[in-house]
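Colleague: Going by my numbering, the first sequence opens with residue 1, and the numbers climb by one from there.
Source of the hints: derived by calculation from the structure; they are not laboratory data.
Every residue gets a Cβ at the ideal spot worked out from N, C-alpha and C, and that includes glycine.
There could be a bad hint or two in this list.
[Claimed, not checked] Label-pair distances were calculated between CB atoms; the ranges are: (1) P22 with Q129: 29 to 35 Å; (2) V257 with R56: 42 to 48 Å; (3) G262 with N92: 40 to 46 Å; (4) L16 with A252: 39 to 45 Å; (5) R56 with L272: 49 to 55 Å; (6) L16 with H154: 39 to 45 Å; (7) Q129 with G262: 29 to 35 Å.
[As the list claims (entries may be wrong)] DMTMM-like, lysine to aspartate or glutamate: derived pairs with alpha carbons at most 25 Å apart: (8) K213 with E142; (9) K213 with E151; (10) K213 with D99; (11) K148 with E126; (12) K118 with E8; (13) K118 with E130; (14) K148 with E8; (15) K118 with D99; (16) K213 with D143; (17) K157 with D206; (18) K192 with E138; (19) K118 with E37; (20) K157 with D143; (21) K152 with D166.
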Amino acid sequence: MPELPEVETIRSALTLGSREAPSILERQICSVNLSWERTLATPSREEFERRIQGQRIQGTGRRGKYLILQLSQDFLLVHLRMSGDLSVVPTNKPPAPHDRLLIELEGGWRLAFNDTRKFGRVWLVEDPQEVLAPLGPEPLDEDFTPAKLHEKLHAHKRQLKPLLLDQTFLAGLGNIYTDEALHLARLHPLRKSNSLSAAESRRLWDGIRQVLKEGIRRNGASIDWVYRGGEFQNYFRVYGRTEEPCPVCGTAIARMVVGQRGTHYCPACQLLTLGDEKSPSDE
DNA sequence: ACGAGCGCCTGTCGGC
DNA sequence: TGCCGACAGGCGCTCG
Numbered sequence: 001m002p003e004l005p006e007v008e009t010i011r012s013a014l015t016l017g018s019r020e021a022p023s024i025l026e027r028q029i030c031s032v033n034l035s036w037e038r039t040l041a042t043p044s045r046e047e048f049e050r051r052i053q054g055q056r057i058q059g060t061g062r063r064g065k066y067l068i069l070q071l072s073q074d075f076l077l078v079h080l081r082m083s084g085d086l087s088v089v090p091t092n093k094p095p096a097p098h099d100r101l102l103i104e105l106e107g108g109w110r111l112a113f114n115d116t117r118k119f120g121r122v123w124l125v126e127d128p129q130e131v132l133a134p135l136g137p138e139p140l141d142e143d144f145t146p147a148k149l150h151e152k153l154h155a156h157k158r159q160l161k162p163l164l165l166d167q168t169f170l171a172g173l174g175n176i177y178t179d180e181a182l183h184l185a186r187l188h189p190l191r192k193s194n195s196l197s198a199a200e201s202r203r204l205w206d207g208i209r210q211v212l213k214e215g216i217r218r219n220g221a222s223i224d225w226v227y228r229g230g231e232f233q234n235y236f237r238v239y240g241r242t243e244e245p246c247p248v249c250g251t252a253i254a255r256m257v258v259g260q261r262g263t264h265y266c267p268a269c270q271l272l273t274l275g276d277e278k279s280p281s282d283e
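Let's have the full structure, built from the sequences with the hints guiding it.
Modeller: Pasting the structure below:
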């Protein structure tokens, strides 16, 4: 379930606690139970178990789609990939079917990493930059400006859709939010990045920020078996709405495959030709 | 530099 | 009913 807004929602829930579970902050780690070897990217299982034990969770953070837990000595980084989820459950609760890593905390609580498809990864590192260094800018940061996006777009000659999914270009967008941002910006997914006018780059900047903020405000999107109480799935404009009417113009939403990813767009609002570069509502 | 194809995994859904 | 392919919120790799 992970794009930036979903990871942020989980980070927030773990930090603030909820009706069912307390905050993880200031809790000490008693032990861990790794049941799928490849979930742990680094270090070795033996070193992981030895090193993490006794450390206290002192803070939480997020960078792109990575969740960051600041421990007494190290940082625990978590990437949920396609189906990962993190939750706090009572220690006496039996493990759920796809729990891959259980982190036993003091006080009768456990942090459970559940991941049906086993793509998720966890790193225990001294310096988060070991893992996070390649990431592009954080889209909601103040220093991510329309001018900076425009400049970066023109440093490449790539299709917009795969470029926005590239985490070294920009950190945090996934398939849903990319489709939604491109629709808000009225830009075709296959437009070449260096063909955008300054006004179009600004529209894209606006679209990216708007859709990410809306996702966070609605606690992310909850699809299929993963439910976090998010509701953004009820507000998708194009994602997963093939053949349904575009909320702007009523044209049937189209689906194509770009870079092996299903891509949803309005064939009327998001033209590939130069026609949309001077659309009337442009500012 | 860029894009396509595949692998990693499990589960669901629609068509026949 | 059962089987089979398509598809799913991600990303690392190879190849041309």
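Colleague: Would you mind marking each hint as holding or not holding in the structure?
Modeller: Each hint tested on the structure:
1. P22 with Q129: 29 to 35 Å: 30 Å, holds
2. V257 with R56: 42 to 48 Å: Cβ of V257 to Cβ of R56: about 47 Å, so the range 42 to 48 Å holds.
3. G262 with N92: 40 to 46 Å: 41 Å, holds
4. L16 with A252: 39 to 45 Å: 42 Å Cβ-Cβ, so the 39 to 45 Å window holds.
5. R56 with L272: 49 to 55 Å: Between R56 and L272, where Cβ atoms are some 53 Å apart, the hint holds.
6. L16 with H154: 39 to 45 Å: 41 Å, holds
7. Q129 with G262: 29 to 35 Å: Holds: the Cβ-Cβ distance is about 33 Å, inside 29 to 35 Å.
8. K213 with E142: 14 Å, holds
9. K213 with E151: The hint holds at about 23 Å.
10. K213 with D99: 30 Å, violated
11. K148 with E126: 31 Å, violated
12. K118 with E8: Since the Cα atoms of K118 and E8 sit roughly 21 Å apart, the hinted pair holds (cutoff 25 Å).
13. K118 with E130: 22 Å, holds
14. K148 with E8: 24 Å, holds
15. K118 with D99: OK: K118 and D99 at ~10 Å, within 25 Å.
16. K213 with D143: Judged against 25 Å, a Cα distance of about 16 Å means the pair holds.
17. K157 with D206: 21 Å, holds
18. K192 with E138: Measuring from Cα to Cα gives roughly 22 Å; hence the hint holds.
19. K118 with E37: 10 Å, holds
20. K157 with D143: 23 Å, holds
21. K152 with D166: 12 Å, holds
Hints 10 and 11 from the earlier list are contradicted by this structure; the remaining hints agree with it.
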